[in-house]
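Visitor: Residue numbers (our numbering), protein chains in the order written: chain V, 1 to 279; chain L, 280 to 525; chain U, 526 to 801.
Keep in mind that a hint or two might mislead.
What the hints assert, rightly or not - Quick list of simulated restraints, FRET-style, between CB atoms:
1) A7/V - R396/L: 24 to 32 Å
2) A7/V - R596/U: 52 to 60 Å
3) V182/V - R372/L: 27 to 35 Å
It is worth saying that the hints were derived from the structure and are not from the lab. Just so you know, these numbers come straight off a predicted model, no measurement behind them. Where is the CB? At the ideal position from N, CA and C, for every residue including glycine.
Chain by chain, the residues run as shown.
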Amino acid sequence: MKLEASADVIRKLHPLEFYKRFLPEGIRPDGRNLNKPRVTVISAGSLTTAEGSALVKLGSTSAICGIKAEVTIPADTEPQCGKLVLSVELPPLCSPNIQRWTDSVEQNSSLEVQIEDILLKTNVLNLEALCIKDSSAVWVLYVDVYILEHDGNCFDAALLSVLTALTNVKLPEVEVNEEQIVSIVEGGSTQSLELNHYPIPLSFCILDDKLLVDPTSEEEELSSTCFTIVYNNRGELCSLYKPGGKHINDDILEECKQTTLNRTEHIVKLMKQANEAKK
Amino acid sequence: MSKIEFISPEGLRVDGRRPQEVRKINYRLNLFSRADGSAYYEQGNTRVLAAVYGPRQVTRRGASKHDRAIINCEYSMATFSTGERRKSAKRDRRSTEISVVIRQTFESVILTHLYPRTQIDIFMQVLQADGGTRCACINAASLALIDAGIPMRDFVVSCAAGMIDGVALTDLNYIEDSAGGPDLPLAILPKQNKICLLQMDSKLTIEQYEEVMQMAVEGCKQIHAVLDAKLKDVTDQLVNKRKTLL
Amino acid sequence: MSTLVKRQKGRLSNQLRSIEAQLGLLNKADGSAKYKQGDSSVLAAVYGPSEVLPKDEKGDRASVQVVFKRRDGKPGRREKQNENIIRNALEPIIMTHLYPRTAIMIIVQVLVDDGSILSVALNACVLALMDAGVPISTVISSISCSIVVDENGSQTLLTDPDLSEERTSIGETYFVFDGHVVAKTGEGGLVSSVTSGLLTDSAYTSCLTASRSGSKSVYTFIRETLKRKPTTVMAPIENIIFERDEASSATNGSDFKMEDEKEESKTFSNVFMKPI
Numbered sequence: 001m002k003l004e005a006s007a008d009v010i011r012k013l014h015p016l017e018f019y020k021r022f023l024p025e026g027i028r029p030d031g032r033n034l035n036k037p038r039v040t041v042i043s044a045g046s047l048t049t050a051e052g053s054a055l056v057k058l059g060s061t062s063a064i065c066g067i068k069a070e071v072t073i074p075a076d077t078e079p080q081c082g083k084l085v086l087s088v089e090l091p092p093l094c095s096p097n098i099q100r101w102t103d104s105v106e107q108n109s110s111l112e113v114q115i116e117d118i119l120l121k122t123n124v125l126n127l128e129a130l131c132i133k134d135s136s137a138v139w140v141l142y143v144d145v146y147i148l149e150h151d152g153n154c155f156d157a158a159l160l161s162v163l164t165a166l167t168n169v170k171l172p173e174v175e176v177n178e179e180q181i182v183s184i185v186e187g188g189s190t191q192s193l194e195l196n197h198y199p200i201p202l203s204f205c206i207l208d209d210k211l212l213v214d215p216t217s218e219e220e221e222l223s224s225t226c227f228t229i230v231y232n233n234r235g236e237l238c239s240l241y242k243p244g245g246k247h248i249n250d251d252i253l254e255e256c257k258q259t260t261l262n263r264t265e266h267i268v269k270l271m272k273q274a275n276e277a278k279k
Numbered sequence: 280m281s282k283i284e285f286i287s288p289e290g291l292r293v294d295g296r297r298p299q300e301v302r303k304i305n306y307r308l309n310l311f312s313r314a315d316g317s318a319y320y321e322q323g324n325t326r327v328l329a330a331v332y333g334p335r336q337v338t339r340r341g342a343s344k345h346d347r348a349i350i351n352c353e354y355s356m357a358t359f360s361t362g363e364r365r366k367s368a369k370r371d372r373r374s375t376e377i378s379v380v381i382r383q384t385f386e387s388v389i390l391t392h393l394y395p396r397t398q399i400d401i402f403m404q405v406l407q408a409d410g411g412t413r414c415a416c417i418n419a420a421s422l423a424l425i426d427a428g429i430p431m432r433d434f435v436v437s438c439a440a441g442m443i444d445g446v447a448l449t450d451l452n453y454i455e456d457s458a459g460g461p462d463l464p465l466a467i468l469p470k471q472n473k474i475c476l477l478q479m480d481s482k483l484t485i486e487q488y489e490e491v492m493q494m495a496v497e498g499c500k501q502i503h504a505v506l507d508a509k510l511k512d513v514t515d516q517l518v519n520k521r522k523t524l525l
Numbered sequence: 526m527s528t529l530v531k532r533q534k535g536r537l538s539n540q541l542r543s544i545e546a547q548l549g550l551l552n553k554a555d556g557s558a559k560y561k562q563g564d565s566s567v568l569a570a571v572y573g574p575s576e577v578l579p580k581d582e583k584g585d586r587a588s589v590q591v592v593f594k595r596r597d598g599k600p601g602r603r604e605k606q607n608e609n610i611i612r613n614a615l616e617p618i619i620m621t622h623l624y625p626r627t628a629i630m631i632i633v634q635v636l637v638d639d640g641s642i643l644s645v646a647l648n649a650c651v652l653a654l655m656d657a658g659v660p661i662s663t664v665i666s667s668i669s670c671s672i673v674v675d676e677n678g679s680q681t682l683l684t685d686p687d688l689s690e691e692r693t694s695i696g697e698t699y700f701v702f703d704g705h706v707v708a709k710t711g712e713g714g715l716v717s718s719v720t721s722g723l724l725t726d727s728a729y730t731s732c733l734t735a736s737r738s739g740s741k742s743v744y745t746f747i748r749e750t751l752k753r754k755p756t757t758v759m760a761p762i763e764n765i766i767f768e769r770d771e772a773s774s775a776t777n778g779s780d781f782k783m784e785d786e787k788e789e790s791k792t793f794s795n796v797f798m799k800p801i
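Can you build the whole structure from these sequences, using the hints too?
Guide: Spelled out as structure tokens, the structure:
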């Protein structure tokens with residue numbers, strides 16, 4: 001009993017010292033190897049009020065994504081393209097460090113811009129597929145992500161939840177009549193969305209000069225730098241996001257790129273399994 | 280009143296329940312590792328999450344009380360929780376009102392004098408709304424507080440009741456709620472038989488009010504029975520685990 | 526992959542635009558710098574170390590806050606993202622442990638956005654920090670690269686793109702390098718990297734190498750600029766060889782000119798990097 005108490009105390013008072021006992025042995029306090037990501041659990045389509053939904057858990061980090069579809073008038077510059085509006089929120093319930101909604105505004109914006117850049121600039125989705133009638137009606141997808149638990153690496157969980165939710169969106173068949181009123185066709189078919197490619201992320205951090213894969217929030221706080229690499233299933237780099245922190249060498253970067261690439265297939269399979277299970 | 284038949288000739292409601300029947304309840308405790316207490320609660324199609332942080336340091340230094348803990352409640356609905364997408368306004372009036380109401384409910388029940396100069400945060404997130412969200416949130420918050428081990432005077436259970444076409448109904452779902460009849464959310468302390476929250480909108484005659492109130496109390500008691508039964512199992516398991524550790 | 530291609534306004538694909546900087550423009554700020562790369566120009570100001578709001582106070586170090594303002598002043602989430610990126614790059618190099626319970630505020634005002642604005646902003650911030658005398662452990666410099674596709678479908682790498690090139694690019698990269706590490710070893714030293722768009726591995730590596738070379742020029746410029754301000758304290762560097770490309774002095778003959786007046790801006794015209 002006594003030994004247990006002092007380990008907890010050391011963890012609170014000297015977290016870096018605590019980690020330094022583990023890292024040289026090649027292991028982390030939660031039992032993982034330095035290069036092992038947490039177990040990923042993906043579940044699709046559990047929300048009945050949303051047109052598409054997904055819940056992704058990476059260890060203790062979880063993100064839920066709900067997609068609602070509405071009809072709107074397309075932009076003049078792109079009359080055949082639908083729209084995608086993304087919002088990411090870290091509510092106060094996800095972490096003891098966030099006590100008010102205003103505390104996480106910067107993080108929310110950062111995650112939103114990162115994910116939106118990946119979705120729109122790498123053409124994950126064909127926005128033309130969301131067109132109902134040229135220049136008069138298109139679908140707009142409101143993609144809302146809530147990070148329910150924040151134990152490090154929210155970006156990976158958020159992006160995976162968005163991708164899985166997009167793959168199980170079911171848009172009802174609609175028709176536009178002469179007065180430009182859109183109505184759902186009774187007993188019509190549902191339209192699913194096809195993704196052009198699957199950008200799969202993996203986050204890393206450097207703690208005490210050691211490379212850790214998929215850091216927890218404790219590890220993120222102690223690290224000298226954190227970065228995320230996103231590769232798609234075609235082997236193309238969709239994003240390399242290292243906003244700052246300590247400098248790294250090229251060989252570490254190469255190693256991380258390889259690790260991310262090796263994982264893409266496994267995650268895409270998990271997503272497809274989640275969608276199959278929903279059916 | 281409307282085209283939907285709220286009560287069928289056999290006395291069944293839209294979803295097949297009897298007028299005094301509460302929807303199916305399911306819940307899980309201790310979901311979040313980072314929160315001091317957490318609960319996931321389902322009542323029919325209404326799904327909510329509650330997380331409790333505390334007692335911990337007060338965020339606004341001026342607000343701390345020297346003789347007790349301050350309770351901070353935040354109720355929020357996810358934008359995809361309702362049929363029509365809600366504009367993401369965290370500070371909209373309805374959420375603020377419900378947060379205040381829930382805070383007042385728990386302020387009277389939690390033994391705040393045990394934790395002076397601290398703050399207890401209760402966060403509730405509605406993932407799917409199908410009527411009775413404030414009641415579901417109160418139940419979820421009670422469970423989360425129990426999971427956090429924060430001492431309370433009693434369990435707080437909550438249920439809503441209403442009246443449609445002259446029939447009193449317990450635990451209205453969204454369709455019944457939108458019918459425009461009166462809605463009476465109620466929260467009681469079952470062992471002490473005390474009311475800690477009572478709201479009502481629309482109008483009722485005094486006799487109808489007595490009837491609906493009784494339905495709500497019965498509904499609360501039903502919910503309490505369900506919650507309590509499973510809680511005893513959960514606590515037994517925890518106690519057994521502790522015994523094996525020691 | 527990347528052949529030397531003539532760009533608009535006669536630049537080569539691996540050529541940076543001309544760089545200008547002016548320090549100490551703002552009287553009230555502790556440090557300020559106006560930094561121009563081609564037509565893109567940014568004014569950065571540093572206030573601090575100064576009083577901090579209790580909610581941002583950190584017990585053992587200074588709290589670094591960044592505000593990024595567009596030309597039209599409209600706030601948006603991309604600006605918040607830029608603030609995040611700049612703060613993440615600058616916070617580790619500022620010796621914040623020397624000033625606990627204070628705030629160091631860095632304000633970035635975009636004057637003209639003609640491409641690579643985030644790089645320009647970061648370089649401006651570094652100069653402003655040094656002008657303010659805030660101790661930093663190393664000098665970082667930033668360069669952006671874009672990948673464009675021509676009619677034949679082949680990809681070309683363009684360093685320091687302007688706005689029109691950015692708009693037609695299929696992929697953009699932004700890099701920040703640690704000047705000391707790159708000058709010493711010629712490799713590594715990657716502090717920040719943000720990409721957008723689909724890039725192949727070889728495209729990314731080319732951008733990385735090209736930007737690393739480009740950052741050396743910016744680093745040289747920053748150091749030369751600061752040499753003119755005697756009151757600035759910088760961490761010492763040993764045995765750095767400043768590379769002067771023989772090709773540049775032969776073709777154009779314009780070395781960078783240093784004005785005698787302290788307040789005049791320094792120009793660095795027609796800087797060539799080593800071809801890739």
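Visitor: The structure should be examined with respect to each hint, and the outcome stated for every one.
Guide: Status of each hint after checking the structure:
no.: 1; hint: A7/V - R396/L: 24 to 32 Å; result: holds (29 Å)
no.: 2; hint: A7/V - R596/U: 52 to 60 Å; result: holds (54 Å)
no.: 3; hint: V182/V - R372/L: 27 to 35 Å; result: holds (31 Å)
Of the hints listed earlier, there is not a single one the structure fails to meet.
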